[in-house]
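> Sequence:
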Amino acid sequence: MPSNDPLWAAASPNPSTSSWFAGATTTKLLVILSVVAYGTMHTQKTFPAWQFDAQLIRDGQWHRLFSSKVAFGTPGTALLGTTLGVLFSRQFERELGSRRFVSFVLFVQIVAVLLEAGLLATAFPYPWRYSGPYALLGAAFRLYHVHTPRLHPRFFGVLGFWCSEKAVYYLWMLQLTGSGGYSTVGATATGWLAAVLYTRLGSTSSSGIAHLPTVLDIPDWLVALWKPIGDRVGDVPPRLLVPRTAAAGRPGFAPAPHPIFGGQPLPPPAPTVRTPVVVEPDPAAREQLLLMGFDADAVEQALRETRNDVNRAADRLLNQ
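Residues in the sequence shown are numbered from 565 upward in steps of one, following my numbering.
The hints are simulated quantities; they were obtained by calculation from the structure and are not laboratory data.
Just so you know, even glycine gets a beta-carbon here, dropped at the ideal spot from N, CA and C.
Certain hints may be false.
FRET-style restraints, in silico, Cβ to Cβ [as the list claims (entries may be wrong)]: (1) Leu-735 to Asp-784: 36 to 46 Å; (2) Thr-638 to Leu-761: 46 to 56 Å; (3) Ala-613 to Tyr-690: 19 to 29 Å; (4) Leu-786 to Leu-678: 34 to 44 Å; (5) Arg-871 to Gly-724: 30 to 40 Å; (6) Lys-609 to Trp-726: 40 to 50 Å; (7) Pro-691 to Leu-786: 33 to 43 Å; (8) Gly-724 to Leu-761: 37 to 47 Å.
Start from the sequences and build out the full structure, keeping to the hints where you can.
Given below as structure tokens:
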């Protein structure tokens, strides 16, 4: 089975009844797993036994390298982290396909564990202590940062600086990453590095070596093993899953293939031709500046350039 084939079967033949997770069954299962694990750990008071603790891992409790990446530790981080994780993961799973997305998730978790184990095996003194899928969030955030263009460059302004809609996600991610100090920053960084490594190795080399997504493809026997679960919880994907830029109607973007994992790059947006707006001088403003002794032609030019702002036009005329 090719690496871009669906991993999960569809449960309903009617796309109009698909849920919000349509085309993102892996994301749906990850959310269910994280929420159930969070509730179970806090209800049974077993959360401290599963969190990442550098000293206890050095003492031999290696299971914490894996168990710490299942659920967040506090209600605030659980709410914010789950929201960001769902938004990022759903977007890229629908664009890449579940099978390829699962291979990406497994690669990120393996690399994150190896990086953390490598730090713990050295004389790195900082006592890391955290709980949550920060590595996966860091990897998904890397994809979002690089491969999701700005749709609204002037979404909001602060102190004269314009920010796009992506700035909102950056602020949320900054708050979540810094919630646990150096521990959560380091855990997020391991996922970011794993995503960089995966995408760098994802392009076919000049020597003809197969790119990494093909090597790390999910085996067919594992797909068949998990197919019954997908039949129960899966949803029919929309008839056309496209990147957000294409969905928003911006020119120059095609729905597939996506450029993240070795696909052909999407063409750049076509240049937008804007017709200049001709501003006619306001008669009252023109008369006011003429009474100040300025030349008529200079007054009309200044009013056009300042869009009939009398004060700015006067300043411009005085500085000529």
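> Against this structure, judge whether each hint is valid.
So, going through the hints one by one against the coordinates:
1. At about 42 Å, the beta-carbon gap between Leu-735 and Asp-784 stays in the expected band of 36 to 46 Å.
2. At roughly 30 Å, the beta carbons of Thr-638 and Leu-761 sit outside the given window of 46 to 56 Å.
3. Take Ala-613 and Tyr-690: their Cβ atoms lie about 22 Å apart, and the range 19 to 29 Å holds.
4. One distance hint, 34 to 44 Å for the beta-carbon pair Leu-786 and Leu-678, is violated here, with the actual separation near 21 Å.
5. Roughly 18 Å separates the CB atoms of Arg-871 and Gly-724, a value that falls outside the hinted 30 to 40 Å.
6. The given range of 40 to 50 Å is respected by Lys-609 and Trp-726, whose C-beta atoms sit roughly 48 Å from each other.
7. With their beta carbons about 37 Å apart, Pro-691 and Leu-786 fall inside the hinted range of 33 to 43 Å.
8. A C-beta distance of roughly 39 Å is found between Gly-724 and Leu-761, which places it inside the suggested range of 37 to 47 Å.
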